[in-house]
Amino acid sequence: MDQTARRFAERTAQFTQIVRGVEDRWDAPTPCAGWTGRDVLAHVIQTERDFLGQQGFDLGAAPDLADPARDWEEHAEQVVDIVDRDGVAAREYDGFFGPTTLGATMADFYGWDLLIHGSDLARASGQPWSVDEEQAAALTAVSDGWGEALYSEGICAPAIDVPEDASPTDRLLARLGRDPRWHP
1 MDQTARRFAE RTAQFTQIVR GVEDRWDAPT PCAGWTGRDV LAHVIQTERD
51 FLGQQGFDLG AAPDLADPAR DWEEHAEQVV DIVDRDGVAA REYDGFFGPT
101 TLGATMADFY GWDLLIHGSD LARASGQPWS VDEEQAAALT AVSDGWGEAL
151 YSEGICAPAI DVPEDASPTD RLLARLGRDP RWHP
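Just so we're aligned, residue 1 is where the sequence shown starts under our numbering, counting upward by one.
Hints are computed from structural coordinates only; laboratory data are not their basis. Just so it is clear, the structure is predicted and the values come from calculations on it, not from any experiment. Note that beta-carbon positions come from the ideal geometry of N, C-alpha and C, so glycine has one too. Don't take each hint at face value.
[Stated by the list, open to error] With beta-carbon atoms standing in for the labels, derived distance ranges:
| # | residue 1 | residue 2 | range |
| --- | --- | --- | --- |
| 1 | Q54 | I155 | 16 to 24 angstroms |
| 2 | R181 | D86 | 44 to 52 angstroms |
| 3 | G126 | D165 | 21 to 29 angstroms |
| 4 | R6 | H43 | 37 to 45 angstroms |
| 5 | I155 | H183 | 39 to 47 angstroms |
| 6 | A166 | G87 | 27 to 35 angstroms |
From just these sequences and the hints, can you work out the full model?
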C-alpha cells in the first residue's frame, strides 16, 4: 500500500471508531455551529464523494444516512479501496495549491478533515478525543500550509485564545476555531 494511501486508511479507521461510538446521538449539536453529528458525517461523506467524482470515480448513489454508522462504513470501505488501487494514490493532478497527487490530497486534506471532524463527533457524543504533541504539530503544519484559506467561509472559524499551558489538543482545537471547553 502506498504511504499516503496507508495514512488515509489509518485516519479513516480512527474516524470509523468514533462513528461507531456515536450510537444514537446523531442529532446532538457539535462544535461546528449549527451542525449536528449527522450534518458533520454528511459533510465528510459528500466532500470525499465530490472530490473522487471530480477525479473520475463513480461511487454510486449517495447514502441517505438513515443508518449513519452503516452508511459511513460502506462509504469508507469503498473510498479506501479506490485510494489503494494500483497507481491511484500516485495519480497527479493540479490541486488548489498546485500540482499534487490524489493520495496526498486524500491523506493530508481529507485525512485531516477526518481527524478534525472526528473530534467534533467525539465531543458531541461524549467520547474522549485527544492528540499528542507530535500529532498536534503535524495537523497544525497542514493547517498552516493553507494560510488564510483555513479561515474561509465553511472551513474554520477564527482561532480562539487559550492559556499558554493548554494541552496540545486544546491548542489545536483553538487554532481551528473550536472552543476546547465546548460541550453539548
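Hints and how they fare:
no., hint, in the structure
1, Q54 / I155: 16 to 24 angstroms, "holds (18 angstroms)"
2, R181 / D86: 44 to 52 angstroms, "holds (46 angstroms)"
3, G126 / D165: 21 to 29 angstroms, "holds (25 angstroms)"
4, R6 / H43: 37 to 45 angstroms, "violated (24 angstroms)"
5, I155 / H183: 39 to 47 angstroms, "violated (23 angstroms)"
6, A166 / G87: 27 to 35 angstroms, "violated (43 angstroms)"
The structure fails to meet hints 4, 5, 6 from the earlier list, while all remaining hints are met.
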